[in-house]
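Trainee: This is what each chain is made of:
Number of protein chains: 4
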Amino acid sequence: MALTPQQQAEIDAQRSASATTRRPTVPALEEILYQALPVLDRGFVRVIDYMGDDAAVVQAARVSYGRGTKKVSEDRGLIHYLLRHRHSTPFEMCEIKFHVKLPIFVARQWIRHRTANVNEYSARYSVLDNEFYIPAPEQLAAQSVANRQGRGDVLEGAEAQRVLTLLREDAARSYAHYEEMLNEREDGSRPDEGRQGLARELARMNLSLNFYTQWYWKTDLHNLLHFLSLRADPHAQYEIRVYAERMLDVVAKWVPITHEAFVQHRLHAVTLSAAAMAAVKRMLAGETVTAENSGLGKREWAELQAELARKES
Amino acid sequence: MALTPQQQAEIDAQRSASATTRRPTVPALEEILYQALPVLDRGFVRVIDYMGDDAAVVQAARVSYGRGTKKVSEDRGLIHYLLRHRHSTPFEMCEIKFHVKLPIFVARQWIRHRTANVNEYSARYSVLDNEFYIPAPEQLAAQSVANRQGRGDVLEGAEAQRVLTLLREDAARSYAHYEEMLNEREDGSRPDEGRQGLARELARMNLSLNFYTQWYWKTDLHNLLHFLSLRADPHAQYEIRVYAERMLDVVAKWVPITHEAFVQHRLHAVTLSAAAMAAVKRMLAGETVTAENSGLGKREWAELQAELARKES
Amino acid sequence: MALTPQQQAEIDAQRSASATTRRPTVPALEEILYQALPVLDRGFVRVIDYMGDDAAVVQAARVSYGRGTKKVSEDRGLIHYLLRHRHSTPFEMCEIKFHVKLPIFVARQWIRHRTANVNEYSARYSVLDNEFYIPAPEQLAAQSVANRQGRGDVLEGAEAQRVLTLLREDAARSYAHYEEMLNEREDGSRPDEGRQGLARELARMNLSLNFYTQWYWKTDLHNLLHFLSLRADPHAQYEIRVYAERMLDVVAKWVPITHEAFVQHRLHAVTLSAAAMAAVKRMLAGETVTAENSGLGKREWAELQAELARKES
Amino acid sequence: MALTPQQQAEIDAQRSASATTRRPTVPALEEILYQALPVLDRGFVRVIDYMGDDAAVVQAARVSYGRGTKKVSEDRGLIHYLLRHRHSTPFEMCEIKFHVKLPIFVARQWIRHRTANVNEYSARYSVLDNEFYIPAPEQLAAQSVANRQGRGDVLEGAEAQRVLTLLREDAARSYAHYEEMLNEREDGSRPDEGRQGLARELARMNLSLNFYTQWYWKTDLHNLLHFLSLRADPHAQYEIRVYAERMLDVVAKWVPITHEAFVQHRLHAVTLSAAAMAAVKRMLAGETVTAENSGLGKREWAELQAELARKES
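Chains as they are written, first to last, in the numbering used here: chain D, 2 to 314; chain R, 2 to 314; chain V, 2 to 314; chain H, 2 to 314.
Source of the hints: derived by calculation from the structure; they are not laboratory data. Only a predicted model underlies this, so the values are computations on that prediction, with no experimental measurement involved. Glycine included, every Cβ here is placed at the ideal spot set by N, Cα and C.
In the DSS-like style, the derived pairs of lysine-lysine whose C-alpha atoms are separated by at most 30 Å in a straight line are: (1) Lys72/V with Lys254/V; (2) Lys299/H with Lys254/R; (3) Lys254/V with Lys299/D; (4) Lys282/H with Lys282/R; (5) Lys299/H with Lys72/R; (6) Lys282/V with Lys299/V; (7) Lys312/H with Lys254/H; (8) Lys72/D with Lys254/D; (9) Lys299/D with Lys312/D; (10) Lys282/D with Lys299/D; (11) Lys299/R with Lys282/H; (12) Lys299/V with Lys312/D; (13) Lys299/H with Lys312/R.
Which bits of chain H does chain D cover? Going by a derived footprint, with three or more residues having C-beta under 8 Å, they are: (14) 92–106; (15) 176–184; (16) 202–215.
Sequences and hints are given; from them, build the entire structure.
Mentor: This is the structure we're talking about:
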């Protein structure tokens, strides 16, 4: 993570101010408000604002005049029930806003989730910082042989070294040339007075996809959970998964009951097709079910076997 | 408006509680938080929660680390610029949640705005209250002759009396029969022990469209302004416009600079087609422009004339 | 269903016209294009237009230059894989447009699905027809005792008779009064020349929720499947479920492979929470798992038991 | 544009097939269906499928049983009226699907329009082609001095030459290193048998933002027009504007009346704020209105002056 002293000072200033409110407030989340939670080598996630709490989910589900909460056990039961039965609208009643710094290739995956509000730093309007992502050595994985969109073994020795060198040198060079083409200093003056400098909106195209960008990203709790169910999943690319995991920690502080229900009924839940469920019932009845007599395709059968063999997380 | 003592007590309880927060807070909005702002004969709008303020718009537009605000005049200029040039995403960074009680026929128009989060009181699950909308005498308008979806003169005398009687009697009767079909008391017991009672999800179909329903409705500031630009407009039906106007007052308390810019650049702005603008330029050049030589269709010409003749609001 | 001769003639005229196209075409769906498929006593579903087919899903998943399809077995495997792993975007590449006639209380549930395009017949602008829904005797169910939003036994004898009489008489009366308040004939003249007639946008509030409305409803295949997974479900209210079932038949004609995969991996699939899956594994390992030692809540345990006992559909 | 012979053959094969349909068909659009319409140096736009036509807008607005069209002049008047008064839902009833090849930095702007369906070529799953965008010399503009996100004069001489060299060399080198890190041939074999090759999802981060990607992009007519109103605007960056202009030509073929109304009432329309309209009325009344007495801010006054001085397009 790379905050300049001035950025840190602005964050500190915001953290030190406080006010009185009649709104629902979550002390555990207030504790980390505005703080930059580090992700990858130079990225972060910051919670900027939030609306609602576990009780707001209950309140909306009951369309109540007051807080609408009853006994803790009843509220907890209701939240579990809502999540298990995919009642999404009560969870839409909570909202959260993040400030995220992330590599552009991660941003390109992330933005595919369309139900959020986004304001991104504009490289058309401003000059991007010289910050790019280089994987840690233990993340430098080979292409998976089994899975076209997965990773295999970690690269080692000369190959790993060569990859790191290429990534670093190419990013450094592309930024140096970006600056040269722009021909502008922060104060607007020109290093080379004889040249006009290329338009920012054009010069940016020379930067590579591992450069960091940043944005404000705001979404409701239902859509956040949907995002996390896809991106905190082991099949997600590591570089976006670490953001999702950091945000999952935030959810645990913000709405602990919903977090618990989400992990139980969504993140670690298993969906069995009609045929897979039939196979399981036959197994429970004592039958020997094989790939051949299961009625499942080869791939789905393998997935079911993996699921049944999996130790609990 | 019709709050039961218990409902009022629940609201008062929420209003009396407060907490400390690091989030942006708007005292003028806190002042009215949770209060039922009356609309129509028995409806209301209540602000339940909010996220952000005018500065949050600026902060997102600048993707800043701290509050991101500069001099008040600069922030104001930026917000006006954003609204004038239809930059919508910074306004999406503020969010507000309402509890609304409204007639079903109004709810049916309202729900067409799809970019909000909604939790409605379920007449499948619960029994609806015996509350229906009856227009005030001055709202009992005849069908407009000029405009197929507008109102004309106010009805008077015997006709007005007859309409009010029909609306009242039919609503009262349909509720009485609803209760009779349900055959259930609040405690779950049956008035007529010999009957089972019709399912709630079926009995509700006997109620008329002027019965009140209620919902939690949450949206971001950009989409709220879009809703208000359509529903606070003079062409909107009176019964939804009064809700929009009440919410516009809320916007003025919440984000006063955005409210000012919205009224200036959206609500009271005028859009002229290419041909209408050409006609105006010819007028400015001293030409006599008529319906015939304007290049405008009959209807658009009349609209332009009305616009040019309109006194300022 | 109630089509006037003129409506039927308009439908026949559209069915008899044809043209040549380079677009993907589905003969089985062309066969029923524009036809009114009856639902409930006077409602219908009509397919008005469609875009894409099973191959379009494959084509988009492969971002191909041509049709992008390979061997039938490969395409089928891909579609099953996409559905099983919740890859939604390829299914968004097909689109369908319906004309639906449905009771207002059904429309109110339906419209909560926000990701569709809708044009509804306007009772602000036009006069609604005198058509309302009356349940068939076998659908006249009592309130469920076990489930607050379900149906129990079918009502019989005098109670059933009384309910039907009330529903019919109240609807007929509310329409008669609607007409009286409007005081207008189809040709615009007034039955009672001495009266102006109430504005349409007001008079409509006297109609009850079982009156029929109609709309054009257009959505993509992914969102249609999501709608069907909720509304063709046994927990959905009967009156909307029959629409969903009719549309599911349409999907089978339109995209048969997707339909098969949807039924297998979504509609008849079962999602087990982490705890429920753990319980199943213990059962498979030969353990006796009980409500008490299962780690599941009472309600979820009952749901799991029901699932394991369920005969295949 | 760069189609391989195989790609062109696939396109030709699709163009040569045809079928009979009962759906509305637009011959002028069929004419160009599947063809690659060139944009920039190697990009294109292809229409893959469409649903509806001008008459479908009318049909939905009237919620009709048949085609719903009347006299051509009435239909045209209705479409103009709908567009002028921002009735959006009838235009949502038409849908179009494109296959687009575009530089990544253009894709990043484009994807911000959230109301479309998208399937992008996956560089996680597949290897990207060696194709990148290099601006034509007349597009090599300096940074604008007046407008932070605009272009100024065209660069010339040595500076232009240097920029082109840097862009070309950096892109070529980053692709060469991408291939080296991947260490894979199309048939899956490895050029350097001693190395495993970096995972595709990691290697891609070395590519710069001017590399071409491609996607299927599908949207309804209303949202397409909204996209075009922003991106065919002179303030849009040239590299996305040329795509918008090409798509605007497609709209003219597809729905000529809607296209005409869109240009008239949206693309070339002018929105005047309440204060700007008041100033215009004072001018029409013969007053001398100046920047000082206009009541407008400096920037808005300049915008109004420019608008009044602008020759018609």
